[in-house]
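2 protein chains.
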Amino acid sequence: MKRNSDKPIKLTEVCLRDGSHVMKHQFTAEQVWKVAKALDEAGMHYIEVSHGDGLGGSTLQYGRSLVDEMKLIETAVEACKLSTVAVLLIPGIGTVHELKKARDLGAGLVRVATHVTEADISAQHIHLARELGMEAFGFLMMAHSAPVDKLVEQARLMESYGAQAVYVTDSAGALLPHEVRERISALRQSLDIEIGFHAHNNLSVAVANTLVAIEEGATRIDGSVRCLGAGAGNTQTEVLLAVLDRLGLDVGIDLYKMQDLAEEIVAPMLPRPQEISKGSLVMGHAGVYSSFLLHAERAAARFGLDSRNILVEIGKRKAVGGQEDMILDVAAELAKTKQEV
Amino acid sequence: MKRNSDKPIKLTEVCLRDGSHVMKHQFTAEQVWKVAKALDEAGMHYIEVSHGDGLGGSTLQYGRSLVDEMKLIETAVEACKLSTVAVLLIPGIGTVHELKKARDLGAGLVRVATHVTEADISAQHIHLARELGMEAFGFLMMAHSAPVDKLVEQARLMESYGAQAVYVTDSAGALLPHEVRERISALRQSLDIEIGFHAHNNLSVAVANTLVAIEEGATRIDGSVRCLGAGAGNTQTEVLLAVLDRLGLDVGIDLYKMQDLAEEIVAPMLPRPQEISKGSLVMGHAGVYSSFLLHAERAAARFGLDSRNILVEIGKRKAVGGQEDMILDVAAELAKTKQEV
Chain A
1 MKRNSDKPIK LTEVCLRDGS HVMKHQFTAE QVWKVAKALD EAGMHYIEVS
51 HGDGLGGSTL QYGRSLVDEM KLIETAVEAC KLSTVAVLLI PGIGTVHELK
101 KARDLGAGLV RVATHVTEAD ISAQHIHLAR ELGMEAFGFL MMAHSAPVDK
151 LVEQARLMES YGAQAVYVTD SAGALLPHEV RERISALRQS LDIEIGFHAH
201 NNLSVAVANT LVAIEEGATR IDGSVRCLGA GAGNTQTEVL LAVLDRLGLD
251 VGIDLYKMQD LAEEIVAPML PRPQEISKGS LVMGHAGVYS SFLLHAERAA
301 ARFGLDSRNI LVEIGKRKAV GGQEDMILDV AAELAKTKQE V
Chain B
1 MKRNSDKPIK LTEVCLRDGS HVMKHQFTAE QVWKVAKALD EAGMHYIEVS
51 HGDGLGGSTL QYGRSLVDEM KLIETAVEAC KLSTVAVLLI PGIGTVHELK
101 KARDLGAGLV RVATHVTEAD ISAQHIHLAR ELGMEAFGFL MMAHSAPVDK
151 LVEQARLMES YGAQAVYVTD SAGALLPHEV RERISALRQS LDIEIGFHAH
201 NNLSVAVANT LVAIEEGATR IDGSVRCLGA GAGNTQTEVL LAVLDRLGLD
251 VGIDLYKMQD LAEEIVAPML PRPQEISKGS LVMGHAGVYS SFLLHAERAA
301 ARFGLDSRNI LVEIGKRKAV GGQEDMILDV AAELAKTKQE V
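Taken in sequence, the protein lines are chains A and B.
Under UniProt numbering, the first residue of the first sequence is numbered 1, with each subsequent residue one higher.
Under UniProt numbering, the first residue of the second sequence is numbered 1, with each subsequent residue one higher.
None of these hints come from the bench; they were simulated from the model.
Here the structure is a predicted model, which means the values were calculated and not measured.
A couple of the hints might just be wrong.
[Stated by the list, open to error] Straight-line alpha carbon distances no greater than 25 Å define the calculated BS3-like cross-link-like pairs of lysine-lysine that follow:
no.	chain 1	residue 1	chain 2	residue 2
1	B	101	B	37
2	B	338	A	257
3	B	2	A	2
4	A	278	B	37
5	A	2	A	34
6	A	278	A	316
7	B	71	B	101
8	B	24	B	81
9	B	150	B	316
10	B	278	A	34
11	B	278	A	37
12	B	278	B	318
13	B	37	B	2
14	B	316	A	257
15	A	101	A	150
16	B	101	A	10
17	B	257	A	338
18	B	10	A	278
19	A	338	A	24
20	A	257	B	278
21	B	34	A	278
22	A	257	A	34
23	A	24	A	150
24	A	2	B	316
25	B	257	A	336
26	B	81	B	100
27	B	101	B	150
28	B	336	A	257
29	B	2	A	316
[What the hints assert, rightly or not] Okay, the calculated bits of chain B under chain A, using three or more residues with CB under 8 Å as the criterion:
no.	segment
30	63 to 74
31	196 to 208
32	262 to 269
33	278 to 290
Ideal placement from N, C-alpha and C gives every residue a C-beta, glycine not left out.
Pulled out of the complex, with its shape left as it was, chain A reads as follows (with noise of 0.2 Å):
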């Protein structure tokens, strides 16, 4: 396949980390440890281990987790060899205390994910990242909800705080391959740091648009074995790498190794299969986050309407997490001009 970038492709899993919602933030250090091992022994070149929300999202907004994830994260870097334990960290949920614990514990990267047009409020930690000697990459959710030049320019900002990579985090899933391609191609020409995309299968098309990322030049690549991450899931690994291996693309993981993880590790551990079902689906379509659709539920009964417009319209205002609030506005508007037509 034909590639923007004569870099190595590094894969990071991330079903420790997004998975941690679909598993309700319950991982057990037996489990962490049976999947790290068999990660680090097929080649995974990341592992990321965090509470779903990041580092510190372990409260009762965003759900406790059964095991701190302290432990969890020194469990992970115990199992690996060679693969390098990562940690995601969402300011304003997570602080430079948890960093720099979960770095004496062995994690050697840290993403410090923002709203994607708050690239602004990484600064402190993707500072302090690099000083303690961590690799440091910036990680912008909901990618889709900005033009591509805003985009550009808070991949800009995380790269002139120190950041040695920038994401395009699809966290909705509700990016299409022309969208991924418009933008890890802008981010290409405006960056000297590398690219990474971490996509989600609300539309199915999460394997699609990672090709579309890697042609277009993207080199960090987040995907989830078995599709254990939030919504639909992400980028399924093993499959990736099926595809990856069909293109001729080695990247140094044994696929054969990652399928019976998938098959004989992760998937009796599912509470439920990562099928595309409404919810997610909804997600995908309306561009919104999963913490809406319960409010929009209550909405939609409330004013005799279907949630799924209501959430629709709300990702057309592009509405960002904590603006919950804006679901009933819209769903009185809606009902409004319902009656009127």
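With chain A's structure known, arrange chain B on it following the hints.
Only chain B this time, still in chain A's reference frame:
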């Protein structure tokens, strides 16, 4: 979205035929009634109903149907006010006898399916269908396994027999987007009739492949609700509709009704979730029929090999159904090579 055709897109829902494999051919008349009625109410253009291996497939070899497919076809026709009921016919399994019977019960379309290199055996059935006043389309299975010029040659044969459309049928779910583009584009330049595309999701690119097919001018598109089709299922119909809606393409089918059908009627019917499991992934990766899996596992056990290495080698040799004998030969060769290394 840009399309290389100005004809409208017509969808065929295949869950009641391709999904018959998943259901081990145990569809009840009540299930078919419920699904067909909901599809009709959503505005689906065609609804395919037959044994998984087409008319006449209910045999010991292919699996006995719980309910006679003629009863299921009749039920679907009765449930539909607007949708056309379609049937699949593989010459050698189904005969003109079943085709006439299906027509008499109200089936309006037959898709005559052959291996991609064997279009000549479709002549009689395509002719007859046209004489009977049915629409008749050709269906070139395992389309990934022939060179593009061979595919074009075979499609032109079907056109010459009177087929009103020819499908690229990716039976093993092995095609990647650039390979779909190449094939649909070549057919568009060589045929005067419409072009169709039937995907399987074994490599998680069915929706993306379908988008590429539509861009290149395919106008006859297959999908299965909730991926209810063989292997990892087909292009997930309700997801495709959400994606087309984001692209501003209205095909006249109600997205929300399709989502509700998927969630409330089809999902509870599934004997197993339609995830991409090891078995379906191996099919897509190697590009082989699912019927080879068991044979490969037996040969692997006998020769101390990984069955996946056998299947990948079989895929390279482009085995067709019925060539299961080749599996033992390949296994013996691989075992010999292994010893020599």
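Those earlier numbered hints the structure runs against, lowest number first: Numbers 5, 8, 13, 15, 16, 19, 23, 27, 30 - these are the hints that the structure violates, sorted from lowest upward.
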